[in-house]
Structures are given as C-alpha cells and as structure tokens.
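**Student:** Listed below are the residues making up each chain.
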Amino acid sequence: MTELETELRALIVEVLNLEDVTPEDIDPEEDLFSEDGLALDSIDALEIGVSIQKQYGVKLDSKDEKLAEYFKNIRSIARMIDERKGK
Amino acid sequence: MTAVPASRTGLFAALLGAEPVRVLCVTNGGREITAGQVRRAGQNLAKRIGAQGGTLYVFTPGVAELAAALLASLILGAKPVLLPQAGKAYCQSISAPPERCVGQFAGFGHAVEISAQPDADWSEPPALPDAPMLGFYTSGSSGDAKLLEKPLDVLEAEALYWTGRLAGQFSHVTGSVSHQHIYGFLFRFLLPVLSGTRAANDLALSWDGLFAGAPDDTLLVSSPAHLTRIAPDEVIGDYAASVILSSGGPLPLEAALEVNRIFGKPPIEILGSTETGGIAWRQRFEDDPAWRALEAVAVDIDSEGALTVRSPFIPGGGPVQTGDVAEFLPDGRFILKGRADLVVKVEGKRVSLTRVTDTLLAHDWIEDGLALITETGGRERLSAVLVPTEAGRAQLAQLGSFRFSRQLAASLASTLEPAETPKRWRFVAGIPVNAQSKRSRPDLARLFEADRMLDLLKPQIEANDAFDAKLGFIAHADLPWFRGHFPGTPILPGLAQVHIAERLAEELWAVRPDSHNVSRLKFNRVIQPGETVQLSLSFRQDTGKLTFKYTSADEQISSGTIG
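These protein sequences, in sequence, are chains U and H.
Here this note's numbering is used: the first residue of the first sequence is 1, the next is one more, and so on.
Here this note's numbering is used: the first residue of the second sequence is 1, the next is one more, and so on.
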C-alpha cells in the first residue's frame with residue numbers, strides 16, 4: 001500500500017461524500033465500479049476524474065480507450081498517476 | 001372524525017337471513033331474483049367448485065351472480081377477489097387459475113346459474129365468518145394490476161353511511177358502472193342488499209336500459225363517462241332519478257349543470273379511491289369546485305401540500321396520502337390542485353421522488369421508507385431513509401450499511417437511472433414521525449445531519465452477524481460525553497453507554513429495542529478517556545431486546561438489557 005494509494009482512498013471517500021465507509025474499508029484492489037465492488041456510477045467516475053486532475057495535475061483524455069482500465073481500482077489509478085507524473 | 005357504527009347485520013348476515021321471497025334484484029328482462037334463489041345458486045356453485053379454502057376470482061355479469069359467488073366463497077372458506085376484467089390473458093397475468101375463476105369467463109371457470117328453486121336446501125346455513133376480506137384489483141401507478149384487500153366490514157360501514165345519508169330518498173338502484181370495482185360494488189350491490197332496496201341486476205349504459213322498469217325515486221349510480229354522454233331530451237325526458245351519483249374521475253362542470261337541468265338536481269360527486277374509499281363530496285349548482293369531507297372522514301394537508309385522509313373506510317383508519325395537492329378554504333372545504341408527484345431536480349434531471357420511493361419499496365430488502373432531498377457539502381443529494389425487511393436486515397448486518405446501500409443501488413440499476421439512484425442512505429428501525437404523527441421530509445432530512453455513532457466512535461468491527469456483533473473502540477478524550485462528566489475526572493457515564501449501544505444497534509442492523517427500559521443493569525466501573533473498550537451487542541428479534549456488554553481487557557465494565 002503506497003502513500004499515493006492511501007491518499008487516493010481518502011480522496012474518493014471525501015469527494016464522493018461516501019458515508020458509512022472509512023478509507024481503510026476500501027481495498028486498493030477492490031473494483032470501484034462493478035456490482036460486487038463499490039458499485040460507483042458514471043457520475044461518481046466523472047467526479048473522481050475531475051478531482052484527480054485537480055489534485056495531481058494529470059491529464060485524462062476521455063477518448064483514451066484505456067480509461068476504464070485505469071479506473072478499475074485504487075491501485076490502477078495510482079499506477080496511472082505515477083506513470084504520467086514520471087513523464 | 002365521528003365513528004360509524006359497525007353493522008350488526010353485515011352482507012353475509014343479510015344474504016343468509018333475508019326472507020326467501022325477498023326480491024334482491026331485477027334483470028334487464030324484468031325477471032325478479034329472490035334471496036332464496038341466490039342462496040340456492042351459491043350452494044350449488046360451492047358444490048361444483050368443491051375445493052375448500054384458497055382464493056376465488058370473481059367476475060359476474062350481474063349483482064345476483066355476485067351475491068351467489070360470495071356465498072360460495074363463504075361456504076368454501078375461500079377468499080373472494082373481484083376482477084376488473086375476465087380475459088384469459090388478464091387472468092394469466094395475475095396468476096388466477098381457471099379452476100378458481102367464478103362467473104362469466106370466456107370458455108373457462110365456473111358459471112353462476114341462478115336457480116328457479118325457492119331456497120337453499122341446507123340443514124343449517126353456513127356460519128358467519130369472523131373477519132371476511134374482499135380483494136379488488138386496481139391498476140397501480142405503473143399500470144400494473146395491483147391487489148388491494150379490504151375487510152368487508154369497512155366496506156359495509158361505507159355503504160351504511162350512504163344508506164343513512166340518503167335514507168328515504170330512493171326505492172330502487174340502477175347504475176352504469178361495474179360492480180367489479182369498489183364504487184359500483186358499494187352502491188349497486190352492498191347498499192341495496194344492506195338497505196333492503198331492489199336493484200337492477202345488470203349494469204346498463206343506455207339510458208333506456210338504465211331506467212327500464214325504474215320508479216321515479218331511483219338512485220342512479222353513474223360516472224363521468226356516462227354523465228358526459230347524456231341522451232337527447234326526447235329520450236331522457238320521461239325518466240326521473242331522485243339521486244344521481246358520480247364517481248371514478250373528475251366530472252366536467254358542464255356535465256354537472258346539464259344533469260341539473262334535466263333531472264332537477266346536480267349529481268352528488270364523490271371523491272375517493274379503492275384504497276381510501278369515499279373521501280369527500282360536492283353537488284355543484286354553479287362553478288364551485290370545493291369538496292367537503294364526508295362527516296366520518298378527517299382530511300388534512302401534509303407538509304408537502306398533499307391531501308391525507310383518516311377514515312373508517314380505510315382499513316386501520318389511515319392516514320393515507322392521496323397524492324393530490326389540496327388547499328383548504330376558510331369554511332373547511334378544500335380544492336384539489338393536481339397531483340403531488342414530488343418531482344425534484346437532481347443533477348439537472350427531473351426525478352420523481354414518488355417513483356424512486358415506489359421502486360425502493362418494491363425491493364425484497366425494503367419494507368418501508370421514502371426518498372428525499374438532503375444537503376451535503378453545499379449540494380443537494382438524492383437520499384433515502386429506509387426500513388429493511390428481515391432479509392434486508394440480514395444483508396445489512398453482513399455487508400455493512402455502505403456496501404448494503406451499494407448493492408441495493410446496483411440491483412435497482414435496471415429500473416432507476418443514475419440520477420434517480422439515492423446517494424445518501426439511512427437504514428432505520430422505523431420511519432420517525434413528527435408531533436402530528438406525520439412523516440415530514442424536512443424533518444427526515446435532519447436525520448442525515450445528526451452525527452452517526454459509527455462515525456463518532458470509528459469502531460473496529462470484529463464480528464457482525466444478524467444480530468450479534470463485537471466492536472472495539474477507543475474512548476477518545478474528545479467524545480462529547482466526556483465534557484462535563486466530571487470536571488477534572490472525565491468519565492463515560494452509564495446513560496451514554498446505554499445510548500451508544502442502542503444507536504449502534506440501529507446503525508448496524510436497523511433495529512431498535514421495543515422500549516427504553518433497561519433491566520439486569522450492572523455497572524462495575526467507569527470508562528476513562530483513552531481507554532480501549534470492547535462492546536458486545538446482541539439483539540433478539542422475537543423479544544425486541546438488546547443486550548450489551550462493555551469490557552476492557554477482559555474486565556467487565558458494564559452490561560444490561562434494553563427493551
């Protein structure tokens with residue numbers, strides 16, 4: 001569990017106003033959007049995308065075919081941010 | 001709200017006790033049907049059906065056949081349900097098996113034959129039932145057939161109310177509405193049987209058919225569909241009606257005035273529904289849209305402006321929210337202002353809170369509750385306060401409220417659009433009501449502002465089944481209860497420990513102890529700031545009792561049972 005992942009968990013709980021759940025409850029590999037995972041919806045995805053762009057200055061292209069893959073779980077978002085910031 | 005006296009002679013007592021030669025109704029062709037003949041028909045029908053118990057689906061051409069079918073249901077101990085139509089596809093759609101259908105069906109079911117024999121030949125009439133029920137199918141808001149069951153005595157109370165109110169004004173009942181719906185059932189069937197009045201057996205749509213053989217003091221049970229299609233004066237000129245009723249939908253003012261011109265009196269319009277029975281009435285001689293509540297009925301307007309009804313004609317008395325926006329006049333009458341469909345804007349999209357609520361309530365996990373708008377982080381959020389069913393509680397305990405809410409939302413995704421899916425959820429043991437015993441959305445929104453015990457204590461949940469849990473938390477010095485107890489030596493008071501246990505049980509499982517009584521209470525010692533505490537909770541659904549035990553390093557702090 002990296003520092004970035006820990007930050008991201010807290011960020012998601014905060015920006016989505018998730019109630020009844022603490023950042024620690026979310027496993028970094030837990031699916032964010034599938035029904036057996038957090039079951040977030042498309043409005044939530046938009047919100048996460050915007051706040052990640054704000055917070056980390058990374059660019060997200062809505063035409064990027066890999067976008068869904070990046071947003072699979074906390075770990076994949078963190079990896080994507082690391083890669084883009086490294087560039 | 002004045003009480004309507006319960007009938008000492010209900011429908012079945014009247015049908016079984018009537019003189020065999022009493023004429024209950026007259027067919028279109030002028031044939032008189034007696035109480036004895038109806039009893040015989042019911043007896044024969046019961047023999048042919050044979051199987052006891054269960055449900056009988058009834059659709060009959062006339063009220064005599066209806067009476068016989070209800071008698072058969074009494075003899076067989078079956079529950080009668082009236083159908084609005086008798087098509088094969090309709091019966092399949094409501095899972096009514098052909099062998100349980102009684103009346104006039106196309107090629108299936110048991111036909112009712114009114115026999116010429118003067119009376120039933122039983123040695124002893126069937127016993128009167130304790131609390132007979134009658135089912136009606138109505139079309140719900142989504143257009144799907146919806147079964148609504150009413151105790152027969154509630155329907156009888158309504159028929160008797162009108163019997164008393166219209167006493168002496170009519171000696172014959174005829175009508176253009178079906179007796180398969182509640183309005184026709186009440187006025188074309190129940191009211192004549194209970195008041196000892198002859199009735200037309202068949203519904204008639206043509207004015208000639210309606211008034212064939214009818215005396216001048218006839219009660220005409222009509223509807224807007226009929227009264228907006230009045231025959232020309234040369235046809236109708238010979239007919240008279242002493243009372244004309246209209247219900248089932250709004251009647252245009254012109255039609256009311258036209259009826260007044262022709263019959264010398266406007267129709268008595270009745271506002272009501274299958275669920276509520278009659279609510280209010282009006283009789284318009286001029287443009288005056290106001291309704292007056294029936295004497296036995298109490299109407300009110302809730303915080304959303306919608307008409308609510310408490311009435312002896314509602315099973316249990318109500319209140320029932322009608323979904324109509326209403327406004328009171330100074331004289332106590334009210335005006336309808338259209339449907340209260342509670343449409344709000346969420347994420348720029350129009351969302352019907354009624355629709356979201358109905359969808360949530362249709363879920364197996366949800367027993368009660370409603371959708372509402374709450375505010376958080378400066379934004380309005382679609383939210384839901386819900387009481388889970390037993391199955392829902394088990395899931396809630398297993399998943400925790402966050403994942404439970406997410407699964408609930410996911411399983412409704414095929415019905416609700418994203419904007420229609422609640423973002424904030426509260427699962428509670430019961431929907432709180434305000435001082436007027438009403439559900440108020442503004443009050444319920446405050447539920448979302450209160451601190452939740454789980455957020456305050458942030459416990460480690462070591463085990464949580466339905467309904468046993470073990471939690472560990474640190475009694476941080478900044479907990480609100482340490483303030484003021486006592487200066488210099490803060491402790492977590494016993495009352496707060498009881499309160500915490502009760503609140504956690506509701507947040508974890510949406511249950512509440514039956515009462516606030518605490519028994520078997522033991523306080524061994526106080527809890528001090530910074531201490532790590534274990535809490536065991538156990539709730540018994542059958543007794544409604546919550547048992548709690550606080551320990552610290554295996555040393556007992558306190559225990560007790562609430563409820």
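Keep in mind that the hints are not guaranteed to be accurate.
[Claimed, not checked] Here are some chain H residues pointing at chain U (derived, C-beta under 8 Å):
#1 Trp207
#2 Gln398
#3 Gly400
#4 Arg406
#5 Gln407
#6 Ala409
#7 Ala410
#8 Thr415
#9 Thr421
#10 Arg424
#11 Arg446
#12 Ala450
#13 Leu454
#14 Pro459
FYI, nobody ran anything at the bench for these hints, they're computed from the structure.
For clarity, every value in this text was computed on a predicted model and none was experimentally measured.
Don't be surprised by glycine CBs; every beta carbon is placed ideally from N, CA and C.
**Student:** All hints are to be evaluated individually against the structure, with a verdict given for each.
**Tutor:** Hint by hint, here is what the structure shows:
| no. | hint | result |
| --- | --- | --- |
| 1 | Trp207 | 58 Å, violated |
| 2 | Gln398 | 13 Å, violated |
| 3 | Gly400 | 7 Å, holds |
| 4 | Arg406 | 4 Å, holds |
| 5 | Gln407 | 7 Å, holds |
| 6 | Ala409 | 6 Å, holds |
| 7 | Ala410 | 4 Å, holds |
| 8 | Thr415 | 14 Å, violated |
| 9 | Thr421 | 7 Å, holds |
| 10 | Arg424 | 6 Å, holds |
| 11 | Arg446 | 15 Å, violated |
| 12 | Ala450 | 12 Å, violated |
| 13 | Leu454 | 7 Å, holds |
| 14 | Pro459 | 10 Å, violated |
Going down the numbered hints, you'll see the structure goes against 1, 2, 8, 11, 12, 14, while the others check out.
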